Amino acid sequence: MDLKDLYREVILDHNRSPRLFGRLDPADSAADGHNPLCGDRLHVSLRLEGDRVADLRFDGKGCAISVASASLMCEAVKGKQRSEITHLFNEIHDVLTHHDAPVPEDLGKLAALAGVRDFPVRVKCASLAWHTLNAALERSGEPVKTE
Amino acid sequence: MSAEAARTTAAAYDVERVRLDFPILARQVHGKPLVFLDSAASSQRPARVIAAVDDYERLHHANVHRGVHLLSQEATALFEHARERVRGFVNAASTREVIFTRGTTEAINLVAQSYARPRLKPGDEILLTVLEHHANIVPWQLVAEQTGAVVKAVPMDRRGVIDAAAVAANITDRTRIVACAHVSNALGTVLPVREITRLAHARGAVVLVDGAQAVPHQRVDLQALDCDFYAFSAHKMYGPTGIGCLIGRESLLEAMPPWQGGGDMILTVSFEKTTFNALPFKFEAGTPNISGAIGMAAAIDYIESLGIDNIHAHEQRLLSLATAKLLKVPGLKIIGTAPDKASVISFTLDGIHPHDLGTILDAEGVAVRTGHHCAMPVMEFFDVPATARASFACYSRESDIDALAAALGKAREVFA
Chain B
1 MDLKDLYREV ILDHNRSPRL FGRLDPADSA ADGHNPLCGD RLHVSLRLEG
51 DRVADLRFDG KGCAISVASA SLMCEAVKGK QRSEITHLFN EIHDVLTHHD
101 APVPEDLGKL AALAGVRDFP VRVKCASLAW HTLNAALERS GEPVKTE
Chain Z
1001 MSAEAARTTA AAYDVERVRL DFPILARQVH GKPLVFLDSA ASSQRPARVI
1051 AAVDDYERLH HANVHRGVHL LSQEATALFE HARERVRGFV NAASTREVIF
1101 TRGTTEAINL VAQSYARPRL KPGDEILLTV LEHHANIVPW QLVAEQTGAV
1151 VKAVPMDRRG VIDAAAVAAN ITDRTRIVAC AHVSNALGTV LPVREITRLA
1201 HARGAVVLVD GAQAVPHQRV DLQALDCDFY AFSAHKMYGP TGIGCLIGRE
1251 SLLEAMPPWQ GGGDMILTVS FEKTTFNALP FKFEAGTPNI SGAIGMAAAI
1301 DYIESLGIDN IHAHEQRLLS LATAKLLKVP GLKIIGTAPD KASVISFTLD
1351 GIHPHDLGTI LDAEGVAVRT GHHCAMPVME FFDVPATARA SFACYSRESD
1401 IDALAAALGK AREVFA
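For the record, the sequence lines run as chains B and Z.
So for the first sequence, this note's numbering puts the first residue at 1; every next one is plus one.
So for the second sequence, this note's numbering puts the first residue at 1001; every next one is plus one.
Bear in mind the hints are in silico, worked out from the structure with no lab data behind them.
Treat the numbers as computed from the prediction; the structure is a model and nothing was measured.
Hints are supplied without guarantee of correctness; some may be wrong.
Derived DSBU-like pairs: lysine-lysine, alpha-carbon spacing no greater than 30 angstroms straight-line [to be verified]: (1) B:61 <-> Z:1328; (2) B:61 <-> Z:1333; (3) Z:1410 <-> Z:1328; (4) Z:1333 <-> Z:1410; (5) Z:1333 <-> B:4; (6) B:61 <-> Z:1410; (7) Z:1032 <-> B:4; (8) Z:1333 <-> Z:1032; (9) Z:1325 <-> B:61; (10) B:109 <-> Z:1410; (11) Z:1152 <-> B:4; (12) B:4 <-> Z:1328; (13) B:80 <-> B:61; (14) Z:1152 <-> B:61; (15) B:4 <-> B:109; (16) Z:1325 <-> B:4; (17) B:4 <-> B:78.
Pair ranges (Cβ atoms, derived) [stated by the list, open to error]: (18) B:16 <-> Z:1033: 25 to 35 angstroms; (19) Z:1380 <-> B:16: 18 to 28 angstroms; (20) Z:1226 <-> B:99: 50 to 60 angstroms; (21) Z:1050 <-> B:139: 53 to 63 angstroms; (22) Z:1057 <-> B:21: 54 to 64 angstroms; (23) B:103 <-> Z:1027: 25 to 35 angstroms; (24) B:2 <-> Z:1398: 22 to 32 angstroms; (25) B:2 <-> Z:1122: 56 to 66 angstroms.
The beta-carbon is built from N, C-alpha and C at its ideal position, and this holds for glycine as well.
Input sequences plus hints: build the corresponding full structure.
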């Protein structure tokens, strides 16, 4: 267990200066995510062009892991097709929850999130943004919880 | 205690010897010595408590209040002895007033459902304070929903203080129940329970005190406090989990219907009519947590062997040392600055979320609680999503504070 593996420079950078921070208004869809354990709250709003996420933003309050994960996620999925996002979601999910799963090369900067898997209680922090995005894509409108 | 006596006691209190009583304190976490600063969530057990439970399991176990055989007699004697130890510990009037429960939470639910629910009318008021643990909020909200009663909360000031005047200003002729913490788990604030009880009684309301965070840290004398119900848990006072008690005024308990039905709480059962057992058994349906009660009694023996006043003086000394030391950490803010506090320090560090802080401290071997401490209204009041909380117990020592400060320095490096 190495803290440097959790708080990699990319994570710290995206926590300090989150990308695509804010809200789209108007938005085609939005969702709220809440992690009751640590009080993290995220809001993801997005604009769709057909099956493509043309633009998205997130805002909210949370720990470094949840904020950095949201920021990295927004950068990664902006402009992508739903099917590509689903693929990415599954890859991230595997990376976070399977200790020995290889980190796919196509993850790019998102690979920085792999350090979280050695800290099981923090996996929920990293996955909150992704579940919130999923909810926005499904337009469920119900608040998402990772508990 | 005079200042001089306090100093003498502090000098005579040998924390290194106390620490030898707690086997878990010898272990390492992540390759570092354990610095356990989360006793307000659950304290560790001394060998004496572990041995008492073990001895019971190995030599004396049988069901209580049932058999005529020797083991059942022994188990019953140990269990009822535990009840007497609990009575004496907080100076309750009689063992008939001591009801074993799973813990503080169950004790409060018992009062909400058995005392409050049959009595409350629409518009009646249940008065809480804003610093309550969820366990002293939610049971009242449930009973309010069931009866049409209204839940109100006494506000606190920016230090986290709730004074008698604030309580007085919120008690009305409709107040039927006042329920408050003796000590706040999130802030450490000690509430003026004696004055609150006087104010409530003057308006005809009964008082329940959540004593979970008080009994490990200070002498509690229920005859002096004069409250109607007092609840606490063993696991915050060096005893096992899953056991605690409700202590209630006998006349009120007598008038209350049973809460749960089952064995042990009856005298006779037929399909026409069941008659209920006497106090305290009326409220103890089913086979109780016998080993837990025995462990709780052993924890009381342990506390009394150290002296609760000595523990209090030791912890107060650590509290003031830790407060001074932590305030020197740049960007650190203490949440809860009441003049009368138990040995609990909630804090935030600028630019670092408490959850990140908890992980970094853990990697340094320092265990603190991070989160909302089951007191979300307190977090909302101070406009923080969460805090980190260091809490001290009889086995905490000065070097724990140094380790905490060093780990906070490490966190600031990571997030520099």
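Please name the hints from earlier in the document that this structure breaks, with their numbers sorted from lowest to highest.
The structure breaks only hint 11.
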